[in-house]
Each structure stands twice: as structure tokens, then as C-alpha cells.
Amino acid sequence: MLRVLSAVLYIVFGALIAGLLAGIDRKLSARFQGRRGPSVFQPFYDVAKLFSKETLALNHGQFVIAFSFLLLMVLTGVLFFAGVDILLVFLSLSTAAMFLVFAATSSNSAMSTMGAQREMMQMLAYEPMVLITAVGFYMSTQITNGGKGSFKVIDIAMSDVPSIVYLPGIFLGFLFILTIKFRKSPFDISTSHHAHQELVKGVTTDLSGRNLGMIEIAHWYENAFLLGVVALFFLSNDWWSIPLAVGAAIVVYFLETVIDNISARVKWELMVKLAWGVTIVCGGLNLLVLEYIF
Amino acid sequence: MAKITKSPWLLHYDGSSCNGCDIEVLACLTPVYDVERFGIINTGNPKHADIFLVTGGINEKNKAVVKQLYDQMPEPKVVVAVGICACNGGVFKDAYNIIGGVDKAIPVDVYVPGCAARPEAIIDGVVKALGVLDEKQKAFKEAKKKKGAEK
Ligand code: SF4
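Protein sequences appear in the order of chains A and B. Counting in my numbering, the first sequence runs from 1 upward without gaps. Counting in my numbering, the second sequence runs from 1 upward without gaps.
Note that these hints are calculated values from the structure, not bench results. Each residue gets a CB set at the ideal place from its N, CA and C atoms; glycine is no exception. Please note that a few of the clues may not be correct.
[What the hints assert, rightly or not] Stretch by stretch, here's where chain A covers chain B in the computed footprint (C-beta under 8 angstroms, at least three residues): (1) 41-51; (2) 68-75; (3) 134-141.
[What the hints assert, rightly or not] Where chain B lies over chain A, by a calculated footprint (3+ residues, C-beta under 8 angstroms): (4) 112-123; (5) 208-214; (6) 268-282.
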């Protein structure tokens, strides 16, 4: 029952909360720069406007692809909040990400195609850490549940001790790739939330109107889901873990905003090197410790 | 329904401007003027833009570019000519290569005079353009409805 409820709550409030967070992010960024900044509801105004505008689609496929991206992103979150196998959740996430690449390559604009290639580089950079995160969760449940590990989100969330206790390195590694997933500087190389960049708008360059609106909403769902994963590190079967998890998610989001504002975009080579370096050092060491010490 | 005026994204194109007006346009984004507080974003992408801000006059070379940028913008859209060059050619009017203001290439909705146009004047022009945009959105919606009814 609880699982169905949390999945439904995600569908209803996931996008709303993440949209609001995006608005707060913009406001905060403006304040950091000594500006007043737009209203915190600005992301909603933007999306509402996009849906009211003419959609210049280059082909009929674009709508289907953008819609599939949205659908799969919602599915990813629903699977996660319904507490099923985390491997399935991450698989669904990667599939969704692929649709964004399809959407970009469906046009023959150079900006959009290069954005797609960079998006794939980003996937290359973060995927290993995502897998290690799943394995880490499995191993931590193995320790807390006395030898019986589980990939199920519900089992991870209901363990006796929050996973963060056993997975500090993996948590750090996950935070690192979160910057890539949130499309924040220094890793916003395929597309950026900020107005301009060397690739115009990267993957979303050739999307307009309704199609772009759907991609925006999908990003909100994506962010809500990712913050859910952050929260999962802090959840246990004690009630106090819930405020702790929510607080952690908020702190992480704030941290991402700060990092976004204090760093410049890097080249993709450096991104892959850094991401893999952090994955091996933080994630790998953490797994080794779990394997040989506990 | 959505008020387009709450989230105007603009595209800035430098025709044959001396860059004086362009600097003023960019000044609007700085903390002193901060146009983002109105939800205005400088997109650099015609497909995401609602307002087309042109500085400088039109010549044979950029006429086609301005036209294409305009055509790539989804409806409803407005054009703001910033600076006297964009209005009618300005000091370059008699130069052999200049055809005239932006309206020689595409329909212009708002003219912002000045050499260079001050940021306050530019913001004023954009706000005026928002009024036009609102009207155009209403017309666009009606046209859409009519088209739907015909179908
Ligand atoms: S109006 Fe003046 S400042 Fe602006 S582009 Fe023309 S000459 Fe330059």
C-alpha cells in the first residue's frame, strides 16, 4: 500500500517539487550574482508558455521521441518509489536518457548532433558509478540483514542502519555524477540550463514548443527521482531517517547550485577522466572495504 | 492559459551594428538592470525565442540571415529594432552597402531609438514588445481554434 502511495505521490508531486526547486535554484543563482532574479515559479511559466507556442517539429518522430523520454522518466521514478529492483530502475533511467539522444539526432542540425554526442559521453562518464551504486546498496543490505542482500529499493530503505554508514565513498561518487545528471557546471556540456553556450542549446536546440516543454517536465521528474536516490542513502526503518533523508536531499541540491555558480564548463575529456577517477577511487575503494572487512 | 509575457525568451542578432548597441543589450543582463527578473532569457536559439532583438542596419549580406532567423522562430513572435541603425540605417544610412533599417527585411513591431540605445530604453522597448506579443498570442490562439473547428 505504502509503495503504491509513494509512487502515486511521485507522479503527482514529483514534477511540481522539482520544478519549484528549479525556480529556487534560479533565484539563488541570481542572488549569488547580485541580481534579483526571476520568480521562483518561473520554470512553470516557461513550460506553460512552451505549450502555448507553435511547435516547429522537423519530423513527426520528434513528438513521439520527446514523449517517450517523458514517459520513461516517469516510469523510472514510479519503479523507484514503488520500491522494486534498483537495477531495473537504473536500466529504465539509461533507456530514458537514450531517448533524449534520439530526439537530438532526429534533426540534422550540427549543434543538436554534437549535443547528442556529448550526451553520450556524459552517459559514458556516469554509468559506471550508477552501477557501483546499485552494487553498493546490495552489499550494505547484505551486512545489515545478516548475509541476505537485496537489490530491492524497499529492502534498502527498510534496513536497520542507513546505507550511508557503509557507503560513504559511494555516496561521494554518486554526488559527483549527480552534477553531470543535473546538467550543472562544470559538466553541463551537452545542454545547459543557462541561456547560452557554445552549442547554442545542445541536445534541445531543434526542439520547440510542446516538444521542448515535455523535455523540461521530464527533467523535473528526473531531478525528483535523483534526489530520491540521494534520500535512499539515508533511509532506514527508524522514523527519524525520513526527515534526515529529506534534509540531505535539500542540502545536496543546494550544494549543486553552489557548484554550478562557482565553476566553469570543462571539456568532455576531463569530465570522463574525473568521473571515472572518482568512480574508481571512491566507489571502488568503498566496495573493496565492504567486501574484505565486513 | 499561459501568459507568454511572463516568460519572454529573446534572440539577439547583431546586423551591421557598431557594437555600441550590442554592449547595451548585454548590459541589460547585468546586476544593474537584471532583465531576468522579468523571466527574460537571452537564448541565442531562434527556435526557443519569442522576441527577436536586432541591432544595426540591414545590408545585402545579412538580409537573408535576418529573414531566416525570423522564419525559424515559432509563432507568436515579435521583432524589436534596437538603436537608430536598426530603425532606419542611422549614421550608416548613406553607406553604399546599407539597405536601411531592419524593416527592409522583416516586419518590425517596436522601434527603440538612441545611439546607442540606453539599457532603460531597451527594457522599455521589450516591455512594449510584450504588449504586442500578448495581442499576437491571442490572435494565434483564435486562429488555432478556427483551424481546429474547420477540421
Ligand atoms: S545606433 Fe549607434 S551605437 Fe547603435 S549600432 Fe548604430 S551607430 Fe552603433
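Hint-by-hint comparison with the structure:
no. : hint    : in the structure
1   : 41-51   : holds (count 8)
2   : 68-75   : holds (count 3)
3   : 134-141 : holds (count 3)
4   : 112-123 : violated (count 0)
5   : 208-214 : holds (count 3)
6   : 268-282 : violated (count 0)
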